[in-house]
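Engineer: As a plain string of letters, each chain reads:
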Amino acid sequence: MSDGFKVLYYVNQFFGQIGGEDKAGMKPEFHSEKIGPALGFEQLLKGEGKVIGTIICGDNYFNENKEESLEYILNLVKQEAPDVFVAGPAFNAGRYGVACAEISRAVAEQLNIPVVTGMYIENPGLDTCKQVAYVVSTSDNAGGMRKALPAMANLTYKLGKGMEIGSPEEEGYIARGMRKTIIVEKRGSLRAVEMLIKRLKGEEFETEMPMPVFDVVQPAPAIKDLSKATIALCTSGGIVPAGNPDRIQSASAQKWGKYDVSGRDALNAPDFYTTHGGYDPVYANEIPDRVAPLDILKELQKEGYIGNVYELFYTTTGTGTSVSNAVKFGTEIGKELKEAGVDGVILTST
Amino acid sequence: MVKEIERYGIPIVHMATITTISESVGANRIVPTVAIPHPVGNPSLKSEDEKIMRKAMVKRAVDALATEISEVTHFE
Numbered sequence: 001m002s003d004g005f006k007v008l009y010y011v012n013q014f015f016g017q018i019g020g021e022d023k024a025g026m027k028p029e030f031h032s033e034k035i036g037p038a039l040g041f042e043q044l045l046k047g048e049g050k051v052i053g054t055i056i057c058g059d060n061y062f063n064e065n066k067e068e069s070l071e072y073i074l075n076l077v078k079q080e081a082p083d084v085f086v087a088g089p090a091f092n093a094g095r096y097g098v099a100c101a102e103i104s105r106a107v108a109e110q111l112n113i114p115v116v117t118g119m120y121i122e123n124p125g126l127d128t129c130k131q132v133a134y135v136v137s138t139s140d141n142a143g144g145m146r147k148a149l150p151a152m153a154n155l156t157y158k159l160g161k162g163m164e165i166g167s168p169e170e171e172g173y174i175a176r177g178m179r180k181t182i183i184v185e186k187r188g189s190l191r192a193v194e195m196l197i198k199r200l201k202g203e204e205f206e207t208e209m210p211m212p213v214f215d216v217v218q219p220a221p222a223i224k225d226l227s228k229a230t231i232a233l234c235t236s237g238g239i240v241p242a243g244n245p246d247r248i249q250s251a252s253a254q255k256w257g258k259y260d261v262s263g264r265d266a267l268n269a270p271d272f273y274t275t276h277g278g279y280d281p282v283y284a285n286e287i288p289d290r291v292a293p294l295d296i297l298k299e300l301q302k303e304g305y306i307g308n309v310y311e312l313f314y315t316t317t318g319t320g321t322s323v324s325n326a327v328k329f330g331t332e333i334g335k336e337l338k339e340a341g342v343d344g345v346i347l348t349s350t
Numbered sequence: 001m002v003k004e005i006e007r008y009g010i011p012i013v014h015m016a017t018i019t020t021i022s023e024s025v026g027a028n029r030i031v032p033t034v035a036i037p038h039p040v041g042n043p044s045l046k047s048e049d050e051k052i053m054r055k056a057m058v059k060r061a062v063d064a065l066a067t068e069i070s071e072v073t074h075f076e
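Taken in sequence, the protein lines are chains A and B. So that you can map any letter, position 302 of the first sequence is 302 in the numbering used here, and since no number is skipped, the others follow by simple counting. So that you can map any letter, position 58 of the second sequence is 58 in the numbering used here, and since no number is skipped, the others follow by simple counting.
Please keep in mind that the hints were generated in silico from the structure rather than gathered at the bench. Any given hint could be a false lead.
Each computed EDC-like pair below joins lysine to aspartate or glutamate, with the alpha-carbon atoms no more than 16 Å apart [as the list claims (entries may be wrong)]:
(1) Lys-46(B) x Glu-286(A)
(2) Lys-55(B) x Glu-48(A)
(3) Lys-338(A) x Glu-311(A)
(4) Lys-6(A) x Glu-68(A)
(5) Lys-51(B) x Glu-299(A)
(6) Lys-55(B) x Asp-265(A)
(7) Lys-51(B) x Glu-332(A)
(8) Lys-3(B) x Glu-332(A)
All of these numbers come straight from a predicted model, not from anything done at the bench.
Bound-form chain A, shown alone:
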């Protein structure tokens, strides 16, 4: 196999079998063996490619020390000089997805090495890398690993062998927003008329040029006088009253909660804690204000810096929560805040 193409693999601390959240702060490391998904990956390369090593980095470490991590990883990739770089799949994991995306983009743009990764369509990392990497469309959780890896390996194989890559539909990757010239049988005018007729008949038709969807909300006007303003506190960090009375899910939240904090000076333990999965809860459970700083807002109110802290505190968990649920929560919470005459909102995320 010595003549085969070389693949270098990137995973986080979890898929790198180092550990869970307690290891999310680990610095990037290089291992010359195949670890986690990299192990089975080589077998999918039809005996023509070799995984030469695995880079493992903690999700928190990468996101909190991005430049340093990227520099270290890029140097490693340069040294190992793979023919194809593979990261993930990250499914719908936010921090892991952002790490895969940043690394993928850097490797593709700065080192000119083709990159394959995998993500769920709502992963926040997707937009960072989809134009320069092949991002296989995966399910939202690791249950989709067995489906994701063959598609990623197939792309890796083709890139490693210098073969032509087919369309996103054929190969299972997310459209890169590029246009390619292809030869088709029917000329444009004929295709357009056919599409129009289908549309007039109310039949299904497929556009040849999907329009990008932009949904930008303009910044709301600033508060004129803070000393008269009511500020509401909101978090996606899962801070809830002890016992989690509304049973807000620790991941993939289906609901949000609101709690009267008008009589409190802080969200202190043990009255409050976090129910959020996916990050180390020790610091938040010790002092919940580290996630949702009610203590400071109340101080600012006492000092007259702000007029009032809104009596209700809004909370949910952000991890794995679908975009559609997040939109729903935001719409519901925003409506209440608007009706209550709240002037501004602080939303914290973990």
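Fit chain B to the supplied structure of chain A, relying on the hints for placement.
Structural biologist: Frame of chain A, contents of chain B only:
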């Protein structure tokens, strides 16, 4: 959530550590924070110092709400 709340015309500031996610979810006012498990805290500081730091960050967020902006703005 940030985007939908702002859609009602209420200014909102997102305090988060991974600011690339803040931008991708459509936050306009962003205050970068300390770390994922403790965005507005720092357990390695003495408790008085941690509180001073948190106050400075929250004040920055409140000030951001009182600042007119026309595009995505990081308040660092």
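Engineer: Compare the structure with each hint and give your call.
Structural biologist: Do the hints match the structure? See the list:
Of the supplied pair hints, the one linking Lys-46(B) and Glu-286(A) holds, its CA atoms being roughly 14 Å apart against a limit of 16 Å. Taking the CA atoms of Lys-55(B) and Glu-48(A), the gap is about 58 Å. The hint is violated against a cut of 16 Å. Simply put, Lys-338(A) and Glu-311(A) have alpha-carbon atoms about 14 Å apart, close enough for the 16 Å limit, and the pair holds. Distance hint between Lys-6(A) and Glu-68(A) is unfulfilled; the C-alpha atoms sit about 25 Å from each other, more than 16 Å.
Restraint check for Lys-51(B) and Glu-299(A): satisfied, since their Cα atoms lie roughly 11 Å apart, inside the 16 Å limit. For the hint linking Lys-55(B) to Asp-265(A), the alpha-carbon distance of about 14 Å falls within 16 Å, and the restraint holds. Between Lys-51(B) and Glu-332(A), the direct Cα distance comes to roughly 32 Å. Violation of the 16 Å bound is thereby established for this hinted pair. Taken as a hint, the Lys-3(B) and Glu-332(A) pair is honoured in the structure, with Cα atoms around 12 Å apart against an allowance of 16 Å.
Checked against the numbered hints above, the structure violates hints 2, 4 and 7; every other hint is satisfied.
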